[in-house]
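Asker: Next come the chains, spelled out residue by residue.
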Amino acid sequence: MDADTIAPPEPTLIRMEAELAAWLEARAPIAIGFSGGVDSTYLAVTARLALGAGRVLAIIGRSPSYPESQWVAARDVARSFEVPVLELDTAELQDPRYAANPSNRCYYCKTELWSRLVPVAHARGFRAVADGTNADDLSDWRPGAQAAREHGIASPLAELGFTKQQIRDSSRRLGLPTWRQPSSPCLSSRLPYGVEVTSERLKQIERAEAALRALGIAGDLRVRYHEDLARVELSADELPRWLEPPRFADLRDALVATGFRRVALDLRGFRSGSLNVLHGVSA
Amino acid sequence: MTQPERGDPTGRNAEALATAIAELGVPCSLEARGGLAVVMPVLESVAALRAPETRRAVLSLAREHGFTHVAIELPSERRGAGSRENDATLLRD
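Keeping their order, the protein sequence lines are chains A and V. Everything in the first sequence is counted per the numbering used here, starting at 1 for the first residue and increasing by one. Everything in the second sequence is counted per the numbering used here, starting at 1 for the first residue and increasing by one.
Just so you know, these hints were derived from the structure itself, not from any lab. You may find that some hints are simply not true.
Stated by the list, open to error - Which stretches of chain A does chain V cover? Using the computed rule of at least three CB atoms under 8 angstroms from a CB of chain V, they are:
1. 103 to 109
2. 223 to 231
3. 246 to 256
Claimed, not checked - What follows is a set of in silico ranges between Cβ atoms, one per label pair, in the way DEER data are often shown:
4. V:Arg56 - A:Arg213: 26 to 32 angstroms
5. A:Ser115 - V:Leu59: 40 to 46 angstroms
6. V:Gly25 - A:Asp95: 47 to 53 angstroms
7. V:Ser60 - A:Pro143: 52 to 58 angstroms
8. A:Asp253 - V:Gly25: 25 to 31 angstroms
9. A:Thr12 - V:Arg56: 19 to 25 angstroms
Keep in mind the model is a prediction, meaning the values are calculated, not measured. Glycine included, every Cβ here is placed at the ideal spot set by N, Cα and C.
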């Protein structure tokens with residue numbers, strides 16, 4: 001879709017949006033695990049519009065595994081659309097099962113998140129707790145989904161069949177700034193399985209990705225951590241210009257300044273779940 | 001200098017891949033890190049990889065030689081062809 005043109009909604013999507021509003025009404029009041037990403041922002045704002053401010057609460061679980069800039073953006077979008085927000089701290093890095101970074105690391109992270117969030121939501125009178133899982137997520141390797149099931153978390157977007165693209169289309173029509181925001185999984189996803197997750201490594205990755213954004217790199221971007229080497233995944237549009245001197249030296253210098261000794265550009269560019277492929281983990 | 005992974009049960013062959021990439025006009029050394037091939041081109045040949053057909057050819061060769069990922073190490077501008085720093089030590093799986 002052209003960036004300046006908003007296409008009329010497809011009848012299927014109009015029906016799905018109505019189904020989502022009805023789904024939310026039937027379960028209100030509802031709390032939503034809110035990261036400020038594309039999916040949970042769409043769900044939170046839709047719930048605010050459908051239910052009113054008193055029957056929805058967006059709960060942010062703050063942790064070192066998410067960049068500070070993401071929380072700032074989450075708070076900003078919630079304020080703009082008058083979505084009530086509560087912020088909780090989570091401590092998954094203190095769980096040695098998480099820190100060891102097994103392939104089901106997300107299970108321990110989400111277990112920590114939901115075990116803190118759900119009791120708070122219920123204590124405040126919210127009957128249901130939902131997350132922003134979408135239909136596309138169901139085909140990916142997502143051990144965090146098991147933790148959600150164990151804590152009774154509903155996933156209306158997945159349940160009603162919303163794909164990522166449909167969520168982006170609906171978000172755009174709602175005027176959400178997240179409609180074309182790149183996907184933003186947690187920083188721990190940049191570490192190969194088995195490499196210990198530490199707050200220092202997460203901070204290094206956060207600084208590295210921020211440094212690349214400061215160079216003007218747009219779109220999907222990941223700095224994959226390989227000890228002394230940073231493997232950078234860029235979108236297909238961005239990759240060629242960063243192979244050109246002197247730009248590649250700027251990119252290299254920016255990452256060396258964040259503590260990496262060596263910098264490499266992934267030749268295929270951005271791939272969601274790239275480290276899953278590298279380590280033979282699949283859905 | 002690129003060292004071969006002799007007897008690698010995965011079928012990965014770093015030395016053969018480096019030779020094949022050099023034949024595309026990108027002289028390089030190569031370091032294998034599991035399924036990741038870190039290609040270390042000489043400074044003057046990095047720009048050759050801007051061409052999409054060259055990138056596609058390198059990716060194809062890497063797959064043929066058993067690698068799932070290929071990354072181009074960005075050389076320091078002080079580092080050129082033939083310098084000691086350009087020599088690579090191959091890390092085994």
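Asker: Decide, hint by hint, whether the structure agrees.
Answerer: Quick rundown of the hints versus the structure:
no. : hint                                   : result
1   : 103 to 109                             : violated (count 0)
2   : 223 to 231                             : holds (count 3)
3   : 246 to 256                             : holds (count 5)
4   : V:Arg56 - A:Arg213: 26 to 32 angstroms : holds, 28 angstroms
5   : A:Ser115 - V:Leu59: 40 to 46 angstroms : holds, 43 angstroms
6   : V:Gly25 - A:Asp95: 47 to 53 angstroms  : holds, 50 angstroms
7   : V:Ser60 - A:Pro143: 52 to 58 angstroms : violated, 33 angstroms
8   : A:Asp253 - V:Gly25: 25 to 31 angstroms : holds, 26 angstroms
9   : A:Thr12 - V:Arg56: 19 to 25 angstroms  : violated, 36 angstroms
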